[in-house]
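Student: So you can see what is in the structure, the chains are spelled out below.
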Amino acid sequence: MYNNTGNEYAYAGLNIPISSANIDGTGLMLNERVKYAGKIGYTQISTANTALNGSGTLGTLITASANGYMIKRIIIKARGTTTQGMIRFFYQEAGNAYLFREVNVPAVTQSARDETLIAVIDEIFYLKGSSTIKVSTHNGEFFVIYIESVELTYP
Amino acid sequence: MSAETQYTANTGFATINRPNTSLTGSGTLSYDIWDILLAASNGTFIKTVTIKSQGKTVQGMIRLFIYNGTYTRLFKEIEIPDITQTATAPAFEITIPINFTLQSGWNLRATSDQSGTFNIIVEGQNWAYYGASVRADTTKFAPKNTMANIATGNSLLDGSGTTATILTSSGCNVLSITIKATGNTTAGMVRFFLYDGTYTKLLTEVPVDATTQSGTSQAFYHKIVFNDGFALKSGWTIKASTQNSESFNILSESVDWSYYA
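In order, the protein sequences belong to chains D and H. Under our numbering, the first residue of the first sequence is numbered 11, with each subsequent residue one higher. Under our numbering, the first residue of the second sequence is numbered 5, with each subsequent residue one higher.
Please keep in mind that the hints were generated in silico from the structure rather than gathered at the bench. From the three backbone atoms N, C-alpha and C, an ideal C-beta is built for every residue, glycine too. Be careful, since some hints might not be right.
[Unchecked claim] Computed footprint of chain H on chain D, listed as stretches where at least three residues anywhere in the stretch have a Cβ under 8 Å from a Cβ of chain H: (1) 78-85; (2) 90-98; (3) 134-141.
[Stated by the list, open to error] 27 Å max Cα-Cα, derived DSS-like pairs, lysine-lysine: (4) D:45 <-> H:144; (5) H:144 <-> H:227; (6) H:144 <-> H:237; (7) D:82 <-> H:144; (8) D:49 <-> D:82; (9) D:82 <-> D:45; (10) H:80 <-> H:237; (11) H:227 <-> H:237; (12) D:87 <-> H:60; (13) H:60 <-> H:80; (14) D:49 <-> D:87; (15) H:227 <-> H:60; (16) D:49 <-> H:227; (17) D:82 <-> H:227; (18) D:49 <-> H:144.
Working from the sequences, and respecting the hints, build out all of it.
Tutor: Written as structure tokens, this is what we have:
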């Protein structure tokens with residue numbers, strides 16, 4: 011059935027074409043009562059950290075509230091010239107931080123006419139309540155990391 | 005407005021390991037024809053069927069049947085190719101969208117035309133209606149992540165040996181599983197299993213590439229995305245193993261769903 015609610019990006023349920031599941035005519039788990047609140051996390055990192063095991067200097071990007079967040083996007087913006095390197099993302103819940111994603115950093119020379127590196131991870135990701143996303147840079151170069159998300163609550 | 009529909013994840017599996025060439029559904033139950041899933045009281049919506057071999061396959065066929073309590077009727081056939089499984093080449097697997105509503109009390113059954121061991125995994129949804137009043141959808145989603153590390157080499161496809169628990173469901177939609185190495189890797193495999201509290205069955209394999217990690221070269225990464233989610237029955241578990249003794253972080257992403265009382 012066709013989801014005419016326009017919320018496909020937030021839809022984590024089922025798209026079941028069963029006529030008996032006639033929820034407002036769509037047959038979907040519409041998650042109608044959800045309330046979204048925009049939550050932005052950001053951090054600046056510049057201390058070189060070559061570790062993949064979650065040790066060393068990490069920036070805290072976002073900690074989800076008890077309800078959990080739906081992460082929409084992560085933006086990495088260098089604040090100057092970069093050399094080839096890596097940005098690493100870690101998932102942490104009550105203890106160690108675990109590597110789950112890396113983003114290559116290319117060599118980019120910043121100038122008045124050349125913008126610094128910008129990289130976007132444009133993927134929906136549901137983050138459990140009270141868990142944290144942390145980030146590190148392989149090289150000692152300055153990055154600003156933004157995370158765009160919404161908190162999910164219900165009446 | 006209709007009565008609110010409330011869904012419950014329903015998962016079924018069986019291992020089939022004896023040939024049966026019949027197209028009529030004849031055979032001996034649990035010997036050469038197997039029940040995979042019994043539909044619930046309102047019926048069960050069968051979303052997908054996954055067929056995962058536990059070893060080498062020869063050209064053949066998996067047949068799905070529907071049993072209505074009296075008759076067994078051929079429903080679908082899936083061709084099986086010749087594939088030689090190794091430590092770096094996954095055994096045959098396929099996930100087929102079925103999107104079929106199975107009537108209450110009816111069974112989905114399966115056979116294999118050729119010898120070989122196959123796990124047949126059915127992903128489904130039961131539904132019920134909220135009876136106290138007529139109300140709109142009250143679905144609530146709660147994000148859920150789990151993280152585990154695997155590092156002990158295990159070459160087995162039958163679920164024995166060293167495995168790590170990735171996720172234990174309380175009735176959830178599994179959206180993705182991320183595999184991230186924490187160092188160099190050699191050609192190998194990461195395997196995922198379903199455990200129902202009694203039996204452990206191979207679900208899927210992810211080949212691992214040989215990579216040399218550095219400050220400019222990423223460690224191995226792979227993300228399994230379940231389109232429309234994988235509805236995992238409450239109490240069931242996803243486990244993982246690595247073929248080689250190399251370290252991988254496994255991060256699961258899922259949503260629990262519930263309804264207002």
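Student: Does each hint fit the structure? Answer for all of them.
Tutor: Status of the hints after comparison with the structure:
1. 78-85: holds (count 3)
2. 90-98: Result for this restraint: holds, n = 3.
3. 134-141: holds (count 6)
4. D:45 <-> H:144: Between residue 45 of chain D and residue 144 of chain H the Cα gap is close to 10 Å, so the pair holds against 27 Å.
5. H:144 <-> H:227: Holds, at roughly 26 Å.
6. H:144 <-> H:237: 17 Å, holds
7. D:82 <-> H:144: Between residue 82 of chain D and residue 144 of chain H the Cα gap is close to 19 Å, so the pair holds against 27 Å.
8. D:49 <-> D:82: Holds, because 10 Å separates the two Cα atoms, which is no more than 27 Å.
9. D:82 <-> D:45: 16 Å, holds
10. H:80 <-> H:237: Cα-Cα ~24 Å, so holds.
11. H:227 <-> H:237: Given pair residue 227 of chain H, residue 237 of chain H holds - Cα atoms ~22 Å apart, limit 27 Å.
12. D:87 <-> H:60: 48 Å, violated
13. H:60 <-> H:80: 23 Å, holds
14. D:49 <-> D:87: 19 Å, holds
15. H:227 <-> H:60: 25 Å, holds
16. D:49 <-> H:227: 25 Å, holds
17. D:82 <-> H:227: Holds - the C-alpha atoms of residue 227 of chain H and residue 82 of chain D are around 17 Å apart, at most 27 Å.
18. D:49 <-> H:144: Holds: residue 49 of chain D and residue 144 of chain H sit about 19 Å apart, inside 27 Å.
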